[in-house]
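Trainee: Taken in sequence, the protein lines are chains A and B.
In this text, residue positions in the first sequence follow my numbering: the first is 3, and each later residue adds one.
In this text, residue positions in the second sequence follow my numbering: the first is 3, and each later residue adds one.
Note that these hints are calculated values from the structure, not bench results.
A hint or two may mislead.
Where chains are identical, the list cannot tell them apart; a pair therefore holds if satisfied intra-copy or between any two copies.
Once the Cα atoms are required to be at most 25 Å apart in a straight line, the calculated SDA-like pairs of lysine to any residue come out as [to be verified]:
{"id": "1", "residue 1": "K148", "residue 2": "A194"}
{"id": "2", "residue 1": "K51", "residue 2": "I200"}
{"id": "3", "residue 1": "K84", "residue 2": "K148"}
{"id": "4", "residue 1": "K50", "residue 2": "V139"}
{"id": "5", "residue 1": "K128", "residue 2": "N56"}
There are 2 protein chains.
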Amino acid sequence: MTSISKRDRILDAAEALFAERGFDGVTLRQIASSAGVDVALANYHFGKKLELFNAVFDRRSALLNQSRLEALRKVQAQEGDKGPSVEQIIEAFLRPLELTQETADPGWRHYLALIAYVNNSTYWGKRMMSKLFDDLVQEFIQALRKALPNASDQDLYWCYHNLSGALTLTLAQTERIDALSGGLCRSSDFQAAYDHMIPFVAAGFRQVCGAQD
Amino acid sequence: MTSISKRDRILDAAEALFAERGFDGVTLRQIASSAGVDVALANYHFGKKLELFNAVFDRRSALLNQSRLEALRKVQAQEGDKGPSVEQIIEAFLRPLELTQETADPGWRHYLALIAYVNNSTYWGKRMMSKLFDDLVQEFIQALRKALPNASDQDLYWCYHNLSGALTLTLAQTERIDALSGGLCRSSDFQAAYDHMIPFVAAGFRQVCGAQD
DNA sequence: AATGCCATTCAACGCTTGTTGAAAAATAAG
DNA sequence: CTTATTTTTCAACAAGCGTTGAATGGCATT
Numbered sequence: 003m004t005s006i007s008k009r010d011r012i013l014d015a016a017e018a019l020f021a022e023r024g025f026d027g028v029t030l031r032q033i034a035s036s037a038g039v040d041v042a043l044a045n046y047h048f049g050k051k052l053e054l055f056n057a058v059f060d061r062r063s064a065l066l067n068q069s070r071l072e073a074l075r076k077v078q079a080q081e082g083d084k085g086p087s088v089e090q091i092i093e094a095f096l097r098p099l100e101l102t103q104e105t106a107d108p109g110w111r112h113y114l115a116l117i118a119y120v121n122n123s124t125y126w127g128k129r130m131m132s133k134l135f136d137d138l139v140q141e142f143i144q145a146l147r148k149a150l151p152n153a154s155d156q157d158l159y160w161c162y163h164n165l166s167g168a169l170t171l172t173l174a175q176t177e178r179i180d181a182l183s184g185g186l187c188r189s190s191d192f193q194a195a196y197d198h199m200i201p202f203v204a205a206g207f208r209q210v211c212g213a214q215d
Numbered sequence: 003m004t005s006i007s008k009r010d011r012i013l014d015a016a017e018a019l020f021a022e023r024g025f026d027g028v029t030l031r032q033i034a035s036s037a038g039v040d041v042a043l044a045n046y047h048f049g050k051k052l053e054l055f056n057a058v059f060d061r062r063s064a065l066l067n068q069s070r071l072e073a074l075r076k077v078q079a080q081e082g083d084k085g086p087s088v089e090q091i092i093e094a095f096l097r098p099l100e101l102t103q104e105t106a107d108p109g110w111r112h113y114l115a116l117i118a119y120v121n122n123s124t125y126w127g128k129r130m131m132s133k134l135f136d137d138l139v140q141e142f143i144q145a146l147r148k149a150l151p152n153a154s155d156q157d158l159y160w161c162y163h164n165l166s167g168a169l170t171l172t173l174a175q176t177e178r179i180d181a182l183s184g185g186l187c188r189s190s191d192f193q194a195a196y197d198h199m200i201p202f203v204a205a206g207f208r209q210v211c212g213a214q215d
């Protein structure tokens, strides 16, 4: 049957609910109820509500950063001195996020939506995004700088901003594209999203950051 | 002195606070306090908290849609039968959002951040975005379809999704790019954002939706 | 001066919230 | 089996929530 600990069930429930309704849109009683435990148990394991939120956010971040960094290192090793292409770098940035949804566990899907929630919020973004993802992002930007030697740093950062925005809306899985396209496209189809996003973003980088080699 | 009505002060305060903390992150007492009025006055003018939220969201939507549609109609009239280019269409989609921040009134800036909040949330997006913005978006997509005659509808919608994501993160003004770039780029600089976003997105559309004419 | 009407405040309601300390149950150690 | 230790529940708290009805104020029209 269900062999996962109550502690983990709280994390799972909180993850799903925070992702859907945000920090303030969810009560500890809703989380406890969804996890099938008493409301006081969340406090026993995690302390205050904010600490539970942080625990949810931290749980999967190391694993995610690691798999993205590995993907980057792999193409870097492949391409040697000349370094990977823009497409390869963006592919390494995005594809690891896709793998996380091939499993039956919906946890990763909820977690990615939570990242979108945090990243799109000034209030939460400042508290959580930089601490956990800045190093990784700078690593990718450094790789892009090498692949686009004519780019100014300003252009590079604005282009990354566009990439980050497109990615964030994808992770949010708002189903807006499902409605707009009349069902032709589906928010849940990360593979289709990245299949389109990678050439789209790569062309954008090249256009703005002018690569003539 | 301050000649704006208390009713409008409530809308302004709610707009700023909802944009920063979301619907559930703000109390009516905070809104009333920020507006300098009694908490019961919000209820008198707008009814329930949710109706106040809707009132805030509706207030500027017609004006915004109108100015974007006018911008599209203008380039359409200019270009006649052959229709406007991808760049012109995207320009018409984005630039009206920039004008709204040239005024000293911070209201529009808060409103755009609120749109970003709603658009990035499944819960609120379904309730509010479609109703107010779908017609306009379909109009722009139709124009893009004409400018990119070889594009499949799927490709077109996914490209629009990327555009919408980049725009949404810009509207959110999270100041993440400020931190990442070490102050080189600023979230508040919509003009720089669109100067980079327009060629970026246009190149993406052309790459994915293959224009060979 | 009196009247009616809208705008605004006051005071309070019932309810839910996050949090806590003590009791109880389950598990591990001796 | 007994004793510690950890996990879980129970019961309750003070605080803050959205909302409401009645009272007050200001401002026209009569």
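Trainee: All the hints need checking, so say for each whether the structure fits it.
Mentor: Going through the hints against the structure:
1. When the C-alpha separation of K148 and A194 is checked against a cutoff of 25 Å, the pair qualifies only between copies, where the shortest distance is 23 Å, while the shortest distance within a copy is 28 Å.
2. Within a single copy, K51 and I200 get their C-alpha atoms no closer than 38 Å, and across copies no closer than 41 Å, so neither meets the 25 Å cut-off.
3. Proximity of K84 to K148 under the C-alpha cut-off of 25 Å is restricted to the intra-copy arrangement: shortest distance 9 Å within a copy versus 40 Å between copies.
4. With identical chains, the CA atoms of K50 and V139 are never at most 25 Å apart, being 30 Å at best within one copy and 43 Å at best between copies.
5. Taking the closest pair of Cα atoms, K128 and N56 come within 25 Å of each other only inside a single copy of the chain (13 Å); across copies the shortest separation is 27 Å, beyond that limit.
Violated hints, in rising order: 2 and 4; the structure is consistent with all others.
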